[in-house]
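So the chains spell out like this:
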Amino acid sequence: MARKPLDYDQLNENVKKVQYAVRGELYLRASELQKEGKRIIFTNVGNPHALGQKPLTFPRQVVALCQAPFLLDDPNVGLIFPADAIARAKHYLAMAPGGLGAYSDSRGIPGIRKEVAEFIQRRDGYPSDPELIYLTDGASKGVMQMLNAIIRNERDGILVPVPQYPLYSAAISLFGGALVPYYLEEEANWGLDIVGTRQSVAAARAKGMTVRAMVIINPGNPTGQCLSEANIREILRFCYEENLVLLADEVYQENIYQDERPFISARKVLFDMGPPLSREVQLVSFHTVSKGYWGECGQRGGYFEMTNLPPKTVDEIYKVASIALSPNVPGQIFMGLMVNPPKPGDISYPKYASESKAILGSLRRRARIMTDGFNSCRNVVCNFTEGAMYSFPQIRLPPRAIEAAKRAGKEPDVFYCLKLLEATGISTVPGSGFGQKEGVFHLRTTILPAEEDFPAIMSSFKKFNDSFMEQYEGYSRM
Amino acid sequence: MRRYAADKARRAVAASLRAASRSAGPSPAPAPHPRSPAPVAAMAAALARAMSTASVGTPAVSINTINPKVLKCEYAVRGEIVTHAQNLQQELQKNPESLPFDEILYCNIGNPQSLGQQPVTFFREVLSLCDHPVLLDKSETHALYSSDAIERAWQILDKIPGRATGAYSHSQGIKGLRDEIAAGIAARDGFHASGDNIFLTDGASPAVHMMMQLLISSEKDGILCPIPQYPLYSASIALHGGSLVPYFLDEETGWGLEVDELKKQLEEARSKGITVRALVVINPGNPTGQVLAEENQKKIVEFCKNEGLVLLADEVYQENIYVEDKQFHSFKKIARSMGYTDDDLPLVSFQSVSKGYYGECGKRGGYMEVTGFSPEVREQIYKVASVNLCSNISGQILASLVMNPPKAGDESFESFMAERDGILSSLARRAKALEEAFNSLEGITCNKAEGAMYLFPRLHLPQKAIGAAQAAGTAPDAYYAKHLLEATGILVVPGSGFGQVPGTWHFRCTILPQEDKIPAIISRFKEFHEKFMDEYRD
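Sequence lines, in order, name chains A and D.
Sequential numbering from 1 applies to the first sequence in our numbering.
Sequential numbering from 1 applies to the second sequence in our numbering.
Please note that a few of the clues may not be correct.
A partial selection of chain A residues facing chain D, derived with a Cβ cut-off under 7 Å [what the hints assert, rightly or not]:
#1 Asn12
#2 Arg60
#3 Asp74
#4 Lys90
#5 His91
#6 Tyr103
#7 Arg152
#8 Gln299
#9 Pro310
#10 Ala404
#11 Ala408
Below, in silico cross-link-like pairs of lysine-lysine (BS3-like), each with a Cα-Cα straight-line distance of 27 Å or less [said to hold, decoys possible]:
#12 D/Lys94 with D/Lys383
#13 A/Lys319 with D/Lys220
#14 A/Lys38 with D/Lys448
#15 D/Lys383 with A/Lys16
#16 A/Lys351 with D/Lys138
#17 A/Lys16 with D/Lys175
#18 D/Lys517 with A/Lys319
#19 D/Lys264 with D/Lys298
#20 D/Lys448 with D/Lys517
#21 D/Lys94 with A/Lys114
#22 D/Lys264 with A/Lys90
#23 A/Lys17 with D/Lys383
#24 A/Lys16 with D/Lys298
Label-pair restraints from in silico Cβ distances [unchecked claim]:
#25 D/Lys138 with A/Gly439: 30 to 38 Å
#26 D/Lys138 with A/Lys462: 16 to 24 Å
#27 D/Trp154 with A/Glu187: 35 to 43 Å
#28 D/Glu252 with A/Arg279: 57 to 65 Å
#29 A/Leu33 with D/Gln86: 52 to 60 Å
#30 D/Trp154 with A/Asn153: 36 to 44 Å
Since the hints were derived computationally from the structure, they do not count as laboratory data.
For glycine and all other residues, C-beta sits at the position ideal for the given N, C-alpha and C.
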C-alpha cells in the first residue's frame, strides 16, 4: 500500500523549519479564547485598522471610484465625492488600460512607478529610475523574491539583526539558506555593533558559508531604533568591504517619534558617500502602504527599489515577477496615492493633513506612554520606541518562573505571555519569536490600541505583572 | 594568527572610518550630484576591502551568483516575444507609419479586461462600497448605487471585524467570506464544503506555489503535469527544485487525457528514482481548452487514489464552457460522488476571480480548497500562509461574490445575468469563429476550444520553413510567431512555451479580442499565413 503522499514526514523539510511567531502559538491561543467569548486585545501584529485606526478618507474615495468607473459618468457623483478625488481616479484609470481588472505590467503600472521614483527623488535629492522600482503585493512578497534570488543553497548566509522581524528568518528557512545573526545592543538603545557584526561574518565564513546579504530594518522591528546617518555609513562601508548586498527594510520610515534621528534612507546615504561606494554597493530598499500613518495592511501594496544591480540580474528578477503576472492593481493605486498625496491647495488637503497629523501625533504619544508604563513595572525594562509600531520590553523573569515554565514545557517568555493573555486578554508575541540573547526575555506588543484604551491596558498589564512577580519572586524589597 | 592580525587591522581601519565620519558631522542639504568622499576615507575603504575575507571582484548579486533555480525557470506567456511586441508598440507610438499595422493585438495572455471586456457592474458596486464604507452612512449613496449592492456591502462588512477592510485578516482569509465560498461550492457540487478548508490567496497562482513548496524537497520529487500545460506549473516546479513529469494529452482525440498515459509516465519516472507526489489536471484545459468527461474524471480520481498522489485540480476556467454536450464537474464532486470522503483522497482545488465571465485579473483574487490532509499537514499549510499575513481583502471579497453572485429576485439579478450571458455567449462565438478560421487554412489544424480562453492550433510547417527557423537559431513555432507579429501586430505565444509532442509545432492564441475586431484579425491572419505558406512552400 503506497505511502500517503502528503504525510507529515514527507513534507518539504524547509517548510517544517519555518517559524512565524507573529501568528504562532500565542495568536492561536488568543483566537481560541476569543471564540470562547473572552475579550482579546490583539497586539501581536502591526495592524492599525484592526485596533480602530480609521483609513484616510482621500485614498478610499479615489479607489472606490476606480473600482466603479461607471460612477464617473453619473451626474450625482459630485454629491458624495470631492472633485479632486474624481480627478485623481481618472488620472489612475488613464494609467491602467483595462482598469483595475486587468493584469498590469508585471513590475507594476509604469505611471505609478514613476510617481514612486519622483517621491524618492523628493525625499532623498537623488534621481530614481522607475525601471528599477517594482511594485509588489506588500513588501513581504518583495523581500521573498529578493531572498529567493540570492539564496542558492544552505551555505549562503544572510546577515539578519537579532531581534528581527521573523519574515526574514522564515524566508531564509523556506529557501534553504542560513541565517547569520548580528546582535543589536539592548543597553545601547538597540544600537548596531559593527565589530560584533564583523565577527559574526568571520565566524560564518569559518564554517564554510558565503555571506551574501545584510538585512537592516530601519526603523527597527521589533526594537524601534532609528539608525543615525553615521550608523548607515558604517553599514554601507561594511557591505562594500564584505561584498554584501544591503537589504534595507524601510517600511516604518514615516513612523518616527523622536527628533534626534529623523529618517534617512540608505540610498541617500549611499549616494552622499559618492564613488566608489555609490556606484558599487548593491542595495534593495523596501516600502509599503501597510505602515506609516496609512496602515492599509489589507490592501497588500508595496515596492522595492534596486540600486547597482547588474542588468542581467534585474532581468531575472523581472522574469520571476512575471510568473506572478502582476501585483494587485488597487494596491498599486494605494501606493501611488501614498507617494503622491494631496498637496496644499487641493480640496482634500486640509482633511488629509489633519487626519494624518492626528494619527502621527497619537502614535508619538502612545510610544511614550507605553515605554513609561512598562518602565514603571517591576522587573520590566523598556527601551524607548524611537520609531515603528512596537514596544519590546525586557521582562526579568525570576528563577522560579523560569523553572515553572520548564515544567510546563514552555519557553519562559512564552509562559509569561500565555499567563498575561489568560489574565488580561492582551495578546502579545514572546521575544523568542524575534530572537534575543540567551537567557534574556522580552515580549513584543504594538503601540496601536486606541489612545483612550491605553490607561486601562497599561494598568491591566501592571496588575498582572505585579501579581506574577509576587507569585514567583515573593514580596519586592521596598 | 594571520586572521587575528587581519581582524585587528580591519578594526583599526573601521575605527578610523568612524572617526572620519564623526568629524565630518551631520550631512549637509541634499546635493544633486554625488560628491567625492574625503581621500582618507576612500583609501581606507579600499584598504579594508582588500583585507576582507570576502570574495571580492564580483558584485554580491550577479548572474553568476543568483539562485540557479531562478535562472532555470521560464514563463513564455510574458517572455521574449512579448518583449519584442512591447518594443514594436513603442516604435508605433513614436512613429505611427513605421510598421505594416497600427496596433499590437495582444492575444498572448488571458487578460480579458485589457481588451475591452467590461467588469460585472454588481461586483464593482459592492467592491467600491467596501473600499469606502463611509459611503454607506450617506443617504446620497442610494442615488449612485443599486440597493442590493448596498445590502451586500453591509453583509460583507459585518463579516469583517470592525468593518476594517484595511486590516490584515485571518491568514486563510476572512472567516465569514470563506464560509460563503464554501456554501457556494456546496451549492455547485451538491456536497458539503467547509470554510476551514479554504485558503484565500492573491490569485490562484500563489496557492499553486504554496502546494509545490510543500510537496517538493528535491529534484527527486516529481509532479505529473499535462503537456501542453500552463507554464506556471513548469516554472513553479523549477523554482522549487523539483522535477516535472510530463504526461501527453492526445491531440488526435481532442486533447484527451488517458489514464494509460498517466500510468506509463508515472512508472517511467519511478524507474528513474523519482518519487511522484502529485498530479496536476487543468480542467477546462489551458492552453488546450478541453473539458473532461465525467467518466474520465472518475478514472483520474481512482488513479490518484491507487498511486497515492495528491490531485491538484486547476479549475479556474470552470465558468468558461462553450459546448452544449459538456459540463463542468469539480473533482471534489466527482470524488465525493464515488464515495471518497475527506479521509480518502488528498485533493486541492484551485479557483480564481481572473477568468470566467468576471475576468478580474488585476484584483488578484482566488482560493484553494484543501481536503484530505492530516491536521499536522494542514498546520504547515497555515504556517506558510501566515508568513505573508493574508491576501488582499478586496480580492477576498470578490472571490465571495464570484461564488455567491446575485440570485433570482435580487434587484440586480437581471442586469447581472444579461452581462454574464452576454460575455459568455460572445466568448463562445469568438472561440468558434477563430477555430473555424484556423481550420480553413492550409497547414493548420485546430481542435475546438470546449472551454477556457484559448485556441492551440497546430502548424504543419513545410520543411523549408523549419530549415529557415533552424538557420535563424529559433524553434519553428517561435519563428512563425515572430513573423506573424512583425507582419500583422498579432501577438501569440509559441507552443514550445507550453510543451508539445516533440516535432509538432503550435501556438496559443486567446479568444479575447473584442468581437467586432475578430473579422479583421482573421483576415489579417489569413493574409499573413497564405503568404508565409507560399514563401516557404517546399
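Problem - Ascending list of hint numbers which this structure does not respect - result: When the structure is compared with the hints, numbers 4, 5, 10, 11, 12, 14, 18, 22, 24, 25, 26, 27, 30 turn out to be violated.
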